[in-house]
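I would like the entire structure built from these sequences, with the hints used as guidance.
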Amino acid sequence: MERCPWCGTDPLYVAYHDEEWGVPEHDPRRLFELLILEGAQAGLSWITVLRKRDNYRRAMDDFDVQKIARYDDAKVAALLGDAGLIRNRLKMRALVDNARAWLDLQEAGIDPAALIWGFVDGEPRVNHFQRLAEVPAVTPTAEAMSKDLKKRGFRFVGPTILYAFMQAAGLVNDHLVSCPRHRDLA
Numbered sequence: 043m044e045r046c047p048w049c050g051t052d053p054l055y056v057a058y059h060d061e062e063w064g065v066p067e068h069d070p071r072r073l074f075e076l077l078i079l080e081g082a083q084a085g086l087s088w089i090t091v092l093r094k095r096d097n098y099r100r101a102m103d104d105f106d107v108q109k110i111a112r113y114d115d116a117k118v119a120a121l122l123g124d125a126g127l128i129r130n131r132l133k134m135r136a137l138v139d140n141a142r143a144w145l146d147l148q149e150a151g152i153d154p155a156a157l158i159w160g161f162v163d164g165e166p167r168v169n170h171f172q173r174l175a176e177v178p179a180v181t182p183t184a185e186a187m188s189k190d191l192k193k194r195g196f197r198f199v200g201p202t203i204l205y206a207f208m209q210a211a212g213l214v215n216d217h218l219v220s221c222p223r224h225r226d227l228a
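Counting from 43, one number per residue, gives the positions in the sequence shown under the numbering used here.
Keep in mind the hints are simulated off the structure, nothing from the lab.
Glycine included, C-beta positions come from ideal geometry on N, C-alpha and C.
Take the hints with a grain of salt, since some may be wrong.
What the hints assert, rightly or not - Mimicking EDC-like on lysine to aspartate or glutamate, the simulated pairs with C-alpha atoms at most 20 Å apart in a straight line are:
#1 K109 x D146
#2 K192 x D226
#3 K189 x D153
#4 K133 x D103
#5 K109 x E149
#6 K193 x D146
#7 K133 x D114
#8 K193 x D139
#9 K117 x D139
#10 K189 x D114
#11 K189 x D146
Said to hold, decoys possible - Label pairs and their computed distance ranges (CB to CB):
#12 V219 x R142: 36 to 42 Å
#13 K192 x V56: 22 to 28 Å
#14 G151 x A116: 31 to 37 Å
#15 V219 x A150: 39 to 45 Å
Spelled out as structure tokens, the structure:
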């Protein structure tokens, strides 16, 4: 049995694959972090984000939604000046907007984690892909989640970003069947 080939041999990537990717995540703060990091990844490789993840946690108050929702223009400008982050103005503004949208859900009595997991009826979907070429970039579920979250004020939540989020957060098990993690998480 061999692990999924997308992680290569980089020790950080291998550890992420072996310990995190595809593990069902229900903690709201951790889900928010993954949502933000997947949006930051748009147009880049995941290893780039993974290498900067600790910087994000430090700079963004460990993804405390309450604090991030209060970030003002000066804070966003400071983040844009931080070389340890992906310095994209639109992604930084989306970070604040997404924190506010997350809080809006809570204020409306909606648990964001339950909303997200509701798209898969609360249970991870287990796929049985043999080759990387079979793994989709987008699914109808990711499209539905994208449409719903955009309607609720979230940004950088297109269906491709959200399918990667679903994979990372364990809403789907897309480890190849030849990977030991597929069996472990099934």
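Status of each hint after checking the structure:
1. K109 x D146: Status holds; Cα separation ~14 Å.
2. K192 x D226: Judged against 20 Å, a Cα distance of about 33 Å means the pair is violated.
3. K189 x D153: Since the Cα atoms of K189 and D153 sit roughly 18 Å apart, the hinted pair holds (cutoff 20 Å).
4. K133 x D103: holds (17 Å)
5. K109 x E149: holds (16 Å)
6. K193 x D146: holds (12 Å)
7. K133 x D114: holds (14 Å)
8. K193 x D139: holds (13 Å)
9. K117 x D139: holds (14 Å)
10. K189 x D114: violated (27 Å)
11. K189 x D146: Judged against 20 Å, a Cα distance of about 17 Å means the pair holds.
12. V219 x R142: 36 to 42 Å: holds (41 Å)
13. K192 x V56: 22 to 28 Å: Because 34 Å falls outside the window, the suggested range is violated.
14. G151 x A116: 31 to 37 Å: Hint holds: Cβ distance 32 Å, inside 31 to 37 Å.
15. V219 x A150: 39 to 45 Å: holds (40 Å)
The earlier numbered hints that this structure contradicts are 2, 10, 13.
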